[in-house]
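Visitor: Each chain, letter by letter, is given below.
2 protein chains.
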Amino acid sequence: MAKEKGLTPQSQDFSAWYLEVIQKAELADYGPVRGTIVVRPYGYALWENIQQTLDRMFKETGHQNAYFPLFIPMSFLKKEAEHVEGFSPELAVVTHAGGEELEEPLAVRPTSETVIGYMWSKWIRSWRDLPQLLNQWGNVVRWEMRTRPFLRTSEFLWQEGHTAHATREEAEEEVRRMLSIYAKLAREYAAIPVIEGRKTEKEKFAGAVYTTTIEAMMRDGKALQSGTSHYLGENFARAFDIKFQDKDLQVKYVHTTSWGLSWRFIGAIIMTHGDDQGLILPPRLAPIQVVVVPIYREESREKVLEVALDLKRRLLQAGLRVHLDDRDQYTPGYKFHEWELKGVPYRVELGPKDLEAGEAVLASRLGGKERLSLEALPALLPDKLAAFHQALYQRALDFQRAHTHKVDTYEAFKEAVQEGFALAFHCGDKACEKAIQEETTATTRCVPFEAEPEEGFCVRCGRPSAYGKRVVFAKAY
Amino acid sequence: MAKEKGLTPQSQDFSAWYLEVIQKAELADYGPVRGTIVVRPYGYALWENIQQTLDRMFKETGHQNAYFPLFIPMSFLKKEAEHVEGFSPELAVVTHAGGEELEEPLAVRPTSETVIGYMWSKWIRSWRDLPQLLNQWGNVVRWEMRTRPFLRTSEFLWQEGHTAHATREEAEEEVRRMLSIYAKLAREYAAIPVIEGRKTEKEKFAGAVYTTTIEAMMRDGKALQSGTSHYLGENFARAFDIKFQDKDLQVKYVHTTSWGLSWRFIGAIIMTHGDDQGLILPPRLAPIQVVVVPIYREESREKVLEVALDLKRRLLQAGLRVHLDDRDQYTPGYKFHEWELKGVPYRVELGPKDLEAGEAVLASRLGGKERLSLEALPALLPDKLAAFHQALYQRALDFQRAHTHKVDTYEAFKEAVQEGFALAFHCGDKACEKAIQEETTATTRCVPFEAEPEEGFCVRCGRPSAYGKRVVFAKAY
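If you read the protein sequences in the order shown, they are chains U and S. Start counting the first sequence at 7; every next residue gets the next number (the working numbering). Start counting the second sequence at 7; every next residue gets the next number (the working numbering).
What the hints contain is simulated information worked out from the structure, not anything from laboratory work. Please note that a few of the clues may not be correct.
Pairs involving identical chains hold if they fit within one copy or between any two copies, as the list cannot separate such chains.
As a list, the in silico DSSO-like pairs of lysine-lysine whose alpha-carbon atoms are at most 27 Å apart [unchecked claim]:
| # | residue 1 | residue 2 |
| --- | --- | --- |
| 1 | K128 | K30 |
| 2 | K475 | K440 |
| 3 | K30 | K249 |
| 4 | K65 | K30 |
| 5 | K128 | K249 |
| 6 | K128 | K85 |
| 7 | K436 | K412 |
| 8 | K258 | K30 |
| 9 | K208 | K85 |
| 10 | K318 | K65 |
| 11 | K128 | K341 |
| 12 | K30 | K253 |
| 13 | K65 | K341 |
One chain only, chain U, in its complex shape (with noise of 0.2 Å):
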């Protein structure tokens, strides 16, 4: 049974334990069809809880949901040409529909950039219509050679926000706005922290004027881009003409943002969080906060399920997220050893003996027990969430900063990409970041915001550097 769950241990191949958790953890399958994957009902009820985090703080903001179609002409992709040269070799295309050829072939919807262009070219006409603030949950279609499951898959789930304003400025604060709100859900609720920052333009999105992104690093030191949000510019108000009369009378482009998240940030919260016996869930994303594991013999069965399901009924009462693990079939070893792989904060055991106490034994995920007041539970642990949440937050952020380097030589740069991020000068030439990917495989991640107004020369060709900063380098997923 122990050698059933048995997971490889990261050190040994981080990748087959990034496999095997997933499936032994029930978060995923492999579905039937090259790429895909089955979110089981334990994996979506994290997503479920990432959406609703995300939706309020959306609406928060002013943002509306709505639903445009998945079927995308062929030749919407092709009016803008950055976008459809980035997207077109992923593409999905159904040529047959009711039995017959269809005249033009139709995209399955790699992103709504085009036809959410093309319906706001009929509803935009005056300033009044100004700003759009639109978002969409949905599934998206990205035939990739390489998949993994929820880092990169031929379908996916996420959200996909849309928004047109009547200035750059009101455009670019909404990128960063947006961007926020992502930082926020990644270390606030997923206890991940990030760096926030620009990408350069070999890595921005096909279509954008630029892309902002957060960058999580995992726990072999690769780097998980986790949600990203673009200033487009005009580009797609031009390509769609998306104009309105503005209040000087004068008829304007929209400037239009978007920006997306999406089940990969499950893949972050496994690989930034996750050990050698499985998930560690963040309490406030995780589906189970909190599960009770009630030991008994068949004669003191009753009286313990019945304290264990009055327990139940408080910690539920008190907001938490609680399951009770009553299945007769399974020893209490086993439901440990599960609970555990399944990265649920806390458990609580409750035997006769503890009953008799009035107590029961708290065992927190990140390790360490403790005894505590039946009577007294319900009442500490949000408490104890809280410092889980931190203690999880701290201990992430402290792998990172250990897996960070600053380095002025090339040689130091291939060293510090091996086990996490380099930050590093650079040209801002596009052939030299290529040849650093071909001769490394690390890429640049982001020009973080954060950094200090730093000068200096190149770290692969001496060049005086862009940017004004160091650039963050990794190896990425």
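Fit chain S to the supplied structure of chain U, relying on the hints for placement.
Guide: Just chain S now, with coordinates in the frame of chain U:
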């Protein structure tokens, strides 16, 4: 302006009214691809309220959400003979992806029984793995010849529940439980009276043993199937080899069910309640329950808006979904008209004279105005909304009863289905049922669960009646 917002009267052309009200109330617009729609924020907010209501009821009855892939290998669909026969004419097919022709074409899911069946065959081994109680929120594609917004669109949003059980009895209970949830959504949230019943063999879901349905009457007397729940027997279990070892150690096929409700339900709401002025939305699902329209001149503007804002705040605190229409560029008359069109149940009119008296005018979308104390409004409105719901339901029920006729001759039958439902005996023969459809365009809607036992002779062919009761016939969407 009145002209721009004006609708074709229902009595003149119900279909034109329907299409106009959807566009003008900004529920939806047409997408660029044939048969697709774009659901705009106001329409999507209505869908979100439907979603949340159902999702809560699903979870309360032990169901969990999951997500299965959009693309299904064509070979899967062929495994259940009736299923493929029913759906293959409507499939959209992906033949190319990632720049290459696929070895096996992929169907864009028209429904997910097959892919879920495939996964269950991997997941289910023992009675301990049962029941499986899953639900999925997502999009599906059915390429139909004649399309109509919300009712019949190439792509639509819906939920599809899929469950697997150890016994027939348990599965059949599930079928009825979920139909009851749909009926509850209709009656208690959407104020739509529905008839619950079983579909005839001719009208059942492709692949089901039998189908149950809720049927509603639109204001043109036509029926709208608003949600269905299917008992699939062992059909999909045999097609996908979904077996389990039971407690008695025997290996058995599971019994499966599926049940779905789509954004077609929005169409039911529009056509059950709307009138010549526009939508009338049921308060428990309405995105906006109360709209506050301030009435002011330049000199009273500040004072009126201040009180309006305070009222909005107090209504929000009372748990109401409220909107303050403080747009300066439109007249109160224009706003009244717009919110009537959009079907907001209550409008609060607030002018300088009202303020002096400490009062406001409350106008109901069902007609009638009254002056009420500003102070008391937040406490009064919940009861008003409950009464609005009741009145709306009663109005729809009265309409349905007035347009439902027991008929025993084919002449009377033909007349009855011109204006509503016909309750008639039928022989149960598929060919006879088909002949009725060809001769009158009416179809069987269901054999109602609640009808009294009665025997008679087929309204068309005179043979003895099947079903032991009268069947509901109607023209239908």
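Visitor: For each hint, tell me whether it holds in the structure or not.
Guide: Each hint, compared with the structure:
Proximity of K128 to K30 under the C-alpha cut-off of 27 Å is restricted to the inter-copy arrangement: shortest distance 14 Å between copies versus 49 Å within a copy. Taking CA atoms no more than 27 Å apart as the test, K475 paired with K440 passes inside one copy only; the shortest distance there is 19 Å, against 76 Å between copies. In this homomeric assembly, K30 and K249 come within 27 Å of each other (Cα to Cα) only across copies, at 21 Å, whereas the closest approach inside a single copy is 52 Å. Proximity of K65 and K30 under a CA criterion of 27 Å is satisfied inter-copy only: 24 Å between copies versus 35 Å inside one chain copy.
In this homomeric assembly, K128 and K249 come within 27 Å of each other (Cα to Cα) only inside a single copy, at 10 Å, whereas the closest approach across copies is 53 Å. Within a single copy, K128 and K85 get their C-alpha atoms as close as 17 Å, which meets the 27 Å cut-off; across copies the closest is 44 Å, which misses it. Taking the closest pair of Cα atoms, K436 and K412 come within 27 Å of each other only inside a single copy of the chain (21 Å); across copies the shortest separation is 78 Å, beyond that limit. For the homomeric pair K258 and K30, the shortest alpha-carbon distance between copies (26 Å) is at most 27 Å, but the shortest distance inside one copy (55 Å) is not.
Taking the closest pair of Cα atoms, K208 and K85 come within 27 Å of each other only inside a single copy of the chain (21 Å); across copies the shortest separation is 47 Å, beyond that limit. Taking the closest pair of Cα atoms, K318 and K65 come within 27 Å of each other only across two copies (17 Å); inside a single copy the shortest separation is 32 Å, beyond that limit. In this assembly of identical chains, K128 and K341 lie within 27 Å of each other by CA distance solely across copies; the values are 23 Å between and 57 Å within a copy. In this homomeric assembly, K30 and K253 come within 27 Å of each other (Cα to Cα) only across copies, at 25 Å, whereas the closest approach inside a single copy is 59 Å.
For the identical chains of this complex, K65 and K341 are inter-copy neighbours only, at 24 Å across copies versus 39 Å inside a copy, given an alpha-carbon limit of 27 Å.
Hint check: no violations occur; every hint is consistent with the structure.
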